[in-house]
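Asker: Here is how the chains run, residue by residue.
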Amino acid sequence: MDNALGEPQTILLLGGTSDIGLAIVREVLSPGARTVVLACRNVEKGELAAAGLRHGGLAVHVVHFNGSDTASHEQVIADVVAQHGDIDLAILAFAQLGDGAVTSKDVQAASEIAHVNFTGTVSATIAVANRMRGQGHGAIVMLSSVAGERVRAANPVYGGTKAGIDGFAQGLGDALAADGVHMMVVRPGFVHSAMTQGLKAAPFSTTPEQVAAVTAKGLRAGRRTVWAPGILRYVFSALRHVPGPVWRRLPLG
Amino acid sequence: MAILTGVSMQNRRPLTGWGRTNATVAEVIEVPNHEVAAAVKEAGPRGALVRGLGRSYGDAAQNAGGLVLRLLGSAHQAVLDPSLATVTVPAGVNLDELLRVLVPRGFFVPVTPGTRFVTIGGAIASDIHGKNHHVEGSFGNHVRALTLLLADGSTVVIGPQQQPELFWATIGGMGLTGVILDATVGLLPIETSRMSVDTTRIPDLDALFSAMSDGDDDFRYSVAWIDPQAKGRHLGRSVLGRGDHARLDQLGPKELLSPLAYGPKQLASVPPLVPPMGVINHATVAAFNEVWYRKAPLHREGELKGIAGFFHPLDMVSRWNRVYGSSGMVQYQFVVPFGEEEAMRTVIERLSVSGAASFLAVLKRFGAGNDSPLSFPAPGWTLALDVPGSARGLADLLHGLDRLVLDAGGRHYFAKDGRTTAAAIRQGYPRLEEWKAVRDSVDPEHVWQSDLSRRLGLTD
Chain A
1 MDNALGEPQT
11 ILLLGGTSDI
21 GLAIVREVLS
31 PGARTVVLAC
41 RNVEKGELAA
51 AGLRHGGLAV
61 HVVHFNGSDT
71 ASHEQVIADV
81 VAQHGDIDLA
91 ILAFAQLGDG
101 AVTSKDVQAA
111 SEIAHVNFTG
121 TVSATIAVAN
131 RMRGQGHGAI
141 VMLSSVAGER
151 VRAANPVYGG
161 TKAGIDGFAQ
171 GLGDALAADG
181 VHMMVVRPGF
191 VHSAMTQGLK
201 AAPFSTTPEQ
211 VAAVTAKGLR
221 AGRRTVWAPG
231 ILRYVFSALR
241 HVPGPVWRRL
251 PLG
Chain B
254 MAILTGVSMQ
264 NRRPLTGWGR
274 TNATVAEVIE
284 VPNHEVAAAV
294 KEAGPRGALV
304 RGLGRSYGDA
314 AQNAGGLVLR
324 LLGSAHQAVL
334 DPSLATVTVP
344 AGVNLDELLR
354 VLVPRGFFVP
364 VTPGTRFVTI
374 GGAIASDIHG
384 KNHHVEGSFG
394 NHVRALTLLL
404 ADGSTVVIGP
414 QQQPELFWAT
424 IGGMGLTGVI
434 LDATVGLLPI
444 ETSRMSVDTT
454 RIPDLDALFS
464 AMSDGDDDFR
474 YSVAWIDPQA
484 KGRHLGRSVL
494 GRGDHARLDQ
504 LGPKELLSPL
514 AYGPKQLASV
524 PPLVPPMGVI
534 NHATVAAFNE
544 VWYRKAPLHR
554 EGELKGIAGF
564 FHPLDMVSRW
574 NRVYGSSGMV
584 QYQFVVPFGE
594 EEAMRTVIER
604 LSVSGAASFL
614 AVLKRFGAGN
624 DSPLSFPAPG
634 WTLALDVPGS
644 ARGLADLLHG
654 LDRLVLDAGG
664 RHYFAKDGRT
674 TAAAIRQGYP
684 RLEEWKAVRD
694 SVDPEHVWQS
704 DLSRRLGLTD
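From first to last, the protein sequence lines are chains A and B.
Under the numbering used here, the first residue of the first sequence is numbered 1, with each subsequent residue one higher.
Under the numbering used here, the first residue of the second sequence is numbered 254, with each subsequent residue one higher.
Mixed in with the good hints there might be a few duds.
Chain A stretches covered by chain B per the calculated footprint, using a threshold of three residues with CB under 8 angstroms from any CB of chain B [said to hold, decoys possible]:
| # | stretch |
| --- | --- |
| 1 | 4-13 |
| 2 | 28-39 |
| 3 | 59-66 |
| 4 | 195-207 |
Over 12 angstroms on every C-beta distance to chain A, these chain B residues come out as not near it, computed from the model [stated by the list, open to error]:
| # | residue |
| --- | --- |
| 5 | E283 |
| 6 | V409 |
| 7 | W573 |
| 8 | V606 |
| 9 | L709 |
Calculated directly from the structure, the hints in this document are not laboratory data.
Where a beta carbon is used, it is the ideal one built from N, C-alpha and C, also for glycine.
Turn these sequences into a full structure, and let the hints guide you.
Answerer: Shown next, in the form of structure tokens:
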């Protein structure tokens with residue numbers, strides 16, 4: 001159970017090796033936290049991350065999870081609940097960036113990214129949401145991106161999937177509210193992480209730790225959408241309305 | 254009327270405790286006592302729980318995703334036995350209703366907390382205490398018998414001599430041994446409905462400890478209200494209020510016309526539209542505490558007060574919990590044994606410098622505990638205070654206080670708690686496993702569950 005200060009006891013990170021996801025887990029950990037489950041494709045890498053989280057009375061488990069294998073999602077979630085009880089907080093943090101120059105031309109590469117980022121996220125989220133409906137409580141953090149707010153020419157497949165799950169999460173969040181389940185969409189800008197290593201940083205770039213701080217604060221305040229850094233909310237409320245010919249020429253990285 | 258056919262989705266609604274934090278959704282139905290067994294059969298894997306008036310501050314009366322029952326009952330069903338000074342009353346009846354029936358007949362409830370809006374069932378399940386704990390113990394000490402509906406649908410009548418293990422596991426058992434349907438409770442005969450009260454301003458904490466240690470036993474009721482923002486040499490400055498029920502010979506001619514008159518009213522309500530950040534902040538609270546301390550007399554004896562004015566001052570403002578705004582409030586109450594006065598001092602010091610705005614804190618000297626494994630009161634000092642849920646650094650502050658309290662051999666009160674940990678409860682309640690064994694013997698499937706029991710590992 002969450003406590004009166006909104007501190008979760010059982011945390012599930014889907015995308016268990018995600019830099020941002022792990023930073024969020026560290027940020028929301030409190031003395032009352034009992035269990036963290038890292039669900040990831042690469043279990044060895046997950047174990048390394050788990051070793052970095054373990055302390056005191058906190059149990060950290062790693063389970064195998066493949067975002068693109070949607071047929072397995074319900075079972076993975078069911079197993080987590082069977083072993084650890086209620087999921088207080090689930091963080092949806094698995095996605096692949098892909099090389100925009102390739103995915104915008106290669107049919108196979110594009111559909112693989114679209115499948116894991118969108119279909120996989122939708123499938124895993126529904127599996128989590130069904131459990132939380134039954135629990136009568138819980139919070140879901142959906143890692144969206146400013147890349148989905150107005151999709152850029154540089155990586156339309158990735159941006160398109162983020163636009164899709166952002167809208168999906170908002171709608172599902174409204175549907176879940178009456179069941180005591182809170183959905184929060186997180187829209188980071190360019191984040192310095194393993195996923196973006198070697199890429200040129202965009203303006204207003206941030207770090208996993210900063211995204212995590214914004215996320216934890218938003219959860220405590222019951223927010224439905226947060227941006228990281230916060231200024232991007234205002235930047236994008238302007239960029240959203242920039243005419244196409246201008247938008248295409250903007251140096252957005 | 255109960256709507257047993259409607260145990261589907263349409264009664265799902267969010268519930269919180271009195272602190273208004275951390276809502277969870279449950280199926281909520283109202284049932285008369287004779288339909289409870291049938292209603293509990295409908296409970297799914299998330300189990301069932303009875304909720305009284307929701308005055309516990311945290312998550313004790315919530316059962317996320319499960320069934321929550323509210324018991325219907327009326328004080329007119331109460332059976333008073335004047336010769337034995339007992340009343341047998343349905344568990345869903347609250348102290349407000351009951352006092353309106355009892356006081357004009359010359360009887361008082363054996364224990365009342367700071368609000369009369371608690372049910373008999375809740376009073377037993379939380380084993381509540383009041384200003385008379387140092388002489389008369391907690392509510393459970395006065396329960397002669399109770400009817401308990403068990404998880405298998407059967408009912409048993411238990412008491413201190415009938416199945417004492419199950420009885421004491423139910424006293425303070427947070428509703429997790431079964432449904433308390435009714436109870437027979439010992440009463441206190443009173444001559445009048447007035448209180449005779451002595452009030453003393455106390456300049457600091459040392460003076461308070463010694464005033465209470467030396468003088469409390471001469472009074473049936475005693476409690477001190479501390480200014481939690483006073484620092485340095487004023488640390489622990491407080492107003493000590495002690496008294497007893499007034500005798501007839503203490504009343505004036507006007508009061509003698511109706512010595513047992515009783516009819517408390519609510520004077521005001523906090524509107525639903527309080528600003529989201531609430532109206533409690535450092536400035537308003539500091540001003541309030543200063544005025545409150547200054548207006549108290551240095552020393553006054555034998556002042557006549559009404560029952561509500563002495564026991565239930567906050568009940569005059571209904572829904573006062575709304576003043577804390579949308580992030581709600583956390584109440585912190587603990588006890589430390591006698592001899593650990595320094596731990597109490599350190600707690601009050603940390604609170605005073607933390608800037609976490611708090612209204613008056615209440616300090617009380619507990620007497621002996623009872624046989625219940627989960628009952629909160631134990632010989633020592635208890636402190637209770639409210640803190641806004643939005644206060645900065647609150648989680649770390651309270652976690653640090655938890656350590657101090659536990660290291661001093663103290664513990665926390667389930668009915669007030671919303672945030673401590675399973676480990677803190679295991680340490681503070683060394684008889685927890687004993688309680689679990691009794692509970693498992695009557696509820697092997699764990700039908701009775703609550704958010705609190707899940708959070709603190711009581712139903713693991």
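Asker: Hint by hint, say whether it matches the structure.
Answerer: Each hint tested on the structure:
1. Given as covered by chain B, the stretch 4-13 of chain A passes the check, having 5 residues with a CB less than 8 angstroms from a CB of that chain where 3 are the minimum.
2. Only residues whose C-beta sits within less than 8 angstroms of a C-beta in chain B count toward coverage, and the stretch 28-39 of chain A has 4 of them, enough to reach three; the restraint holds.
3. Taking a C-beta to C-beta cut-off of 8 angstroms, the stretch 59-66 of chain A contributes 0 residues in contact with chain B, too few for the three needed, and the coverage statement is violated.
4. For a cut-off of 8 angstroms, the count of residues in the stretch 195-207 of chain A with a CB near a CB of chain B stands at 0, and the three-residue condition is violated.
5. The non-interface label for E283(B) is consistent with chain A: the shortest C-beta to C-beta separation is roughly 19 angstroms, beyond 12 angstroms.
6. At the 12 angstroms boundary, the C-beta of V409(B) stays outside the reach of chain A, the nearest C-beta of that chain being 30 angstroms off.
7. Taking the minimum C-beta to C-beta distance to chain A, about 18 angstroms, the non-interface status of W573(B) holds against the 12 angstroms cut.
8. Its beta-carbon lying about 20 angstroms from the closest one in chain A, V606(B) satisfies the requirement of being farther than 12 angstroms from that chain.
9. Under the 12 angstroms C-beta cut-off, the non-interface status given to L709(B) relative to chain A is violated; the minimum distance is some 9 angstroms.
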